[in-house]
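Trainee: Protein sequences, first through last, are from chains B and W.
Per the numbering used here, the very first residue in the first sequence carries number 3; after that it's consecutive.
Per the numbering used here, the very first residue in the second sequence carries number 398; after that it's consecutive.
The reader is advised that the hints may include incorrect statements.
[Stated by the list, open to error] Covered by chain W, per the in silico footprint, the following chain B stretches (three or more residues, Cβ under 8 Å):
(1) 62 to 71
(2) 151 to 158
[Stated by the list, open to error] Facing chain B, from chain W, some residues (calculated, C-beta under 8 Å):
(3) LEU473
(4) ASN513
(5) ILE514
(6) LEU517
(7) PHE518
(8) LEU520
(9) SER524
(10) MET525
(11) VAL527
(12) ALA531
(13) TRP535
(14) TYR541
(15) LEU543
(16) LEU547
(17) ALA551
(18) ILE554
Just so you know, these hints were derived from the structure itself, not from any lab.
Note that this is a predicted model, so its numbers are computed, not measured.
Ideal placement from N, C-alpha and C gives every residue a C-beta, glycine not left out.
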Amino acid sequence: MDVILFLAFAIIAVVCAINVVVQTHPISSAVSLVGVMGSLAVLYLLLGAEFLAAAQVIVYAGAIMVLFVFVIMLLNAGAESKKGRSFTAQLLGLPLWVAFLGLMAYFIQRLYPQSTRVHFGGFKGGGAAEIGHALFTTFLLPFEVTSILILVAILGAIVLARKEMD
Amino acid sequence: MDSFIVISLIKVAVVFAVLLTTLAYLQWVERKVIAHIQVRPGPYRVGPHGLLQPVADIVKLLTKEDLVPTYVNKPLYLLAPFLAMTMALLSISVIPFGPQIQVAGYQTYMQLTDLNIGVLFVLAVSSMGVYGIALAGWSSNNKYALLGGLRSSAQMISYELPMSLAIAAPLLISNTLSLRRLVEKQAGGIWNWNVLHGPFPQIVSFIIFLIAAFAETNRIPFDLPEAENELVAGFHTEYSSMKFASFFMSEYANMITVSCMATLLFLGGWVAPWPAEYGSSYVPAAIFVLAGLVALYHGFHPARRRDGYTLPVFGVLFLIAAAVFLLPMVQSWLIPLFWFCAKTGGILFGFMWIRGTLPRFRYDQLMGFTWKFLFPVAMLNLLVTGFLVALRS
Chain B
3 MDVILFLAFA
13 IIAVVCAINV
23 VVQTHPISSA
33 VSLVGVMGSL
43 AVLYLLLGAE
53 FLAAAQVIVY
63 AGAIMVLFVF
73 VIMLLNAGAE
83 SKKGRSFTAQ
93 LLGLPLWVAF
103 LGLMAYFIQR
113 LYPQSTRVHF
123 GGFKGGGAAE
133 IGHALFTTFL
143 LPFEVTSILI
153 LVAILGAIVL
163 ARKEMD
Chain W
398 MDSFIVISLI
408 KVAVVFAVLL
418 TTLAYLQWVE
428 RKVIAHIQVR
438 PGPYRVGPHG
448 LLQPVADIVK
458 LLTKEDLVPT
468 YVNKPLYLLA
478 PFLAMTMALL
488 SISVIPFGPQ
498 IQVAGYQTYM
508 QLTDLNIGVL
518 FVLAVSSMGV
528 YGIALAGWSS
538 NNKYALLGGL
548 RSSAQMISYE
558 LPMSLAIAAP
568 LLISNTLSLR
578 RLVEKQAGGI
588 WNWNVLHGPF
598 PQIVSFIIFL
608 IAAFAETNRI
618 PFDLPEAENE
628 LVAGFHTEYS
638 SMKFASFFMS
648 EYANMITVSC
658 MATLLFLGGW
668 VAPWPAEYGS
678 SYVPAAIFVL
688 AGLVALYHGF
698 HPARRRDGYT
708 LPVFGVLFLI
718 AAAVFLLPMV
728 QSWLIPLFWF
738 CAKTGGILFG
748 FMWIRGTLPR
758 FRYDQLMGFT
768 WKFLFPVAML
778 NLLVTGFLVA
788 LRS
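One chain only, chain W, in its complex shape (with noise of 0.2 Å):
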């Protein structure tokens, strides 16, 4: 008991920290990616490569002036940034990161806790979410924060109903509501996972989560809560340093939840694509001295003088990162921590790759494409495989 409280304690430190961690640079990334897509270097002065600018983003937000307008309903716009992070960051919780390890002698699943419910657990926990959007647009008192906090709890609640119809289907496969036994349901290979499994491959379903992920997490191309042209900053105008922050903070941790979701339900969670003995465990070694070869090419390439430091220390770390994915006592644990975050960063660098190519909709064209179009989809798909589901069974 007492030993399973201290396993508990270093894993909520340890994900937390990696959490945090990962936020801050997920900006970052956000950021250079953007810059990229616009051909233009983005961040590059503090650090190399720009790659401490998180650190110097925080120092800024710590240290600015924090306002309170006098106009504002005060309780409700103090618990408006709290709440919002609170609900951010509690769906982490069950998120399953890999199967059980072994830790100096005690087995422990890479999960803080798995609940029979998980699934529904972040659906909670992702609808508690809107209040902190709605009241920080309401207690403000503000016309442009208002009609943000408006605009955005339509569009989650609206957004809500395609995205729980196409959660159903997986889970009919699956028949199962906890996030692990769902990435056991999965295992063995590609054709396994939700995605393509059978009796019907919810290939769709895949796609209208993404598509109600994106509104759910009011990124572009469906950012309109704050949608600069017309609401200046909307809910979050008169919110200023660490209460801007945590708002910030807590749309880019919702971004991590819903692209762990969509590993988790769609692409099969920690499994790799096909089975180790068919060299899937030599993929990330493969990967990561690619990479390294890369960088070191660059780095002592003549024409990039700027980068000749910067880039063989990286290659360097590439290819040390390589050999210990070679390494036998921990790939049981690292080799299913790459796959699971390899899935997830994919889907977040679509995040970012959508945000640098779409343009904003308009107001009634996301109201109509929620209730026209994807609800009625997302039904018959629904319809369809519990249809299939019940034949085979």
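Just chain B, with the same shape it has in the complex (with noise of 0.2 Å):
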């Protein structure tokens, strides 16, 4: 059940990968992504994490996302119109990417020789209260800096909106 559900939710979130490449229209390409952010939300599910995929699909899919839909409908952007590629980019491409994916396969095989095998369900950690914990406990630090970082991007937005308005 649970490999049968991770199958159809990782091939619905490639899919999607996929399509928001291919789509020549921004809100399309949008709408494949939240369809991305969704599957891997119902991956986390699938592996225990409950927080982390409420929290992704709060955050992502609909925060973030709603966003950019926004945007694009603010800024009425049309479809982009598909140029012809060069003739080393139609000749190199296939290979290049075959190279691409065999280096990556090679270095995740080098930097976790021998780890166990996933189970679905298996992590321990993924309830709101272990979450909270491990957030103010073992990774204070990072999360007060990260926060800081939150801020500072929030003032220079504002600053930079102000200098636009006098």
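Reconstruct the complex from the two isolated chains, following the hints.
Mentor: Shown next, in the form of structure tokens:
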């Protein structure tokens, strides 16, 4: 059952991801990206990371992608026109892609030579309480640094927007 | 395992049948309530007191011609109502309506499923509901629809923040994300409900939640996405027949969901206002007896000749319902269900009352209100609650 669900949502994620690139209209690409986020959330859920799955949907699919769609709608961006690819790109595209995938597989194999198999639902730190505890004890410094980083980014956005207004 | 699947299927069928009927009749109730606020009778022609009006509406919507304009972006145009409807109906699956019950020897909960991230699930699903409206507005290729979709997405993103903060405060007190555990923590009586519970009564966050809920469901006074005097019909201008109906139904389903959430988070779910040993289990019967007697009195009143048949029938039905509430074998599940429906219904009535009373906001007022007032107040409320909870533990 778990394997079937995993395969189904992994395939959906990959198909949506390819669709993001293939589609010519930005809105269609954005909607496909929402599909990727949603199926990733299901994969987290299958692994047992419930809080992460909910956060993935709320933050990425529900907030960030809505902003993307909103901006695309506001700018009224049109469909991009397909230009023919150059001869070298056509010739080297497929071999380079295969080489890239091979390199990735090689590095993953080298970095994690004898990792244990993943068990569905085997991850035991995925509840809201565990995540909150980890954030405020083990990962307190990275957590606070990230929040300051986001605060700086917000302040920067306000300063930039101000300048335009005057 | 097999009995689990069968019971789950039966529960899904029952919940969805009840939910869809409620959706159809909520519309009738709303038209009646607003009509009486405006001193007119409302729907009156189809059936006694217009009671069959929803059936007529459904037949009308089903048989209407389904137009698809030639200039729309077809895949997204067709996806949008489907998305809106799915997301609106999905969140009902984690709402608990009552405690554990026993049916024909099987123990089961009056809830489709209990997730230990139930509150987050509802938030996630409702945040996905924006896409239905935004994509409908964009794919219609119509300037009114596009403006409606833009307004609605901006409004929903903005009001989601105070709403989430308002939800977080009672969660700090109850210390759980499962909706069933949330209600179990509020058991005992009205002083244990989160809206009045110590160390810090959540009245402020209850009100913020309700205001944000009005905006999230695009209801008056925040119905700018479909402001008819500026935008024709807003995001659903180009939709007809069942596609229009699914937007309409999703709006009402969202109303039911947020009312259920307000009941569960702040008003103690199915918990009675005071314990049963002080007689709270006789309240439903008393209410129905009262309603039945009022209906009978008015039915036989000589000045109301036109209601001489309908009102006595309803009076007798109410008295029968009162008798059912006194039967000991159904009391264990009927009385919690009554309290849950009464609280949710009360909030739904508030939605209609406000629709009949308040004018619409201006767009800059709408945005200023949430960012400059609701958000800081919700933040402050959360900080104070967190501080007091930390002091107590």
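Trainee: Could you run down the list of hints and mark each one as holding or not?
Mentor: Status of the hints after comparison with the structure:
1. 62 to 71: holds (count 6)
2. 151 to 158: violated (count 0)
3. LEU473: holds (7 Å)
4. ASN513: holds (7 Å)
5. ILE514: Where the cut-off is 8 Å and the nearest Cβ of chain B is about 5 Å from ILE514 of chain W, the hint holds.
6. LEU517: Given a least distance of 4 Å, the restraint on LEU517 of chain W holds.
7. PHE518: Interface hint status for PHE518 of chain W: holds (6 Å vs cutoff 8 Å).
8. LEU520: With Cβ-Cβ at 6 Å, under 8 Å, it holds.
9. SER524: holds (3 Å)
10. MET525: Given a least distance of 6 Å, the restraint on MET525 of chain W holds.
11. VAL527: holds (5 Å)
12. ALA531: holds (6 Å)
13. TRP535: holds (5 Å)
14. TYR541: violated (14 Å)
15. LEU543: For LEU543 of chain W, the interface hint holds, since the closest Cβ of chain B sits about 7 Å away, which is under 8 Å.
16. LEU547: Result: holds, 6 Å to nearest chain B Cβ.
17. ALA551: This interface hint holds because 7 Å falls under the 8 Å limit.
18. ILE554: holds (6 Å)
Hint compliance for this structure: hints 2, 14 are not met, and every other hint is.
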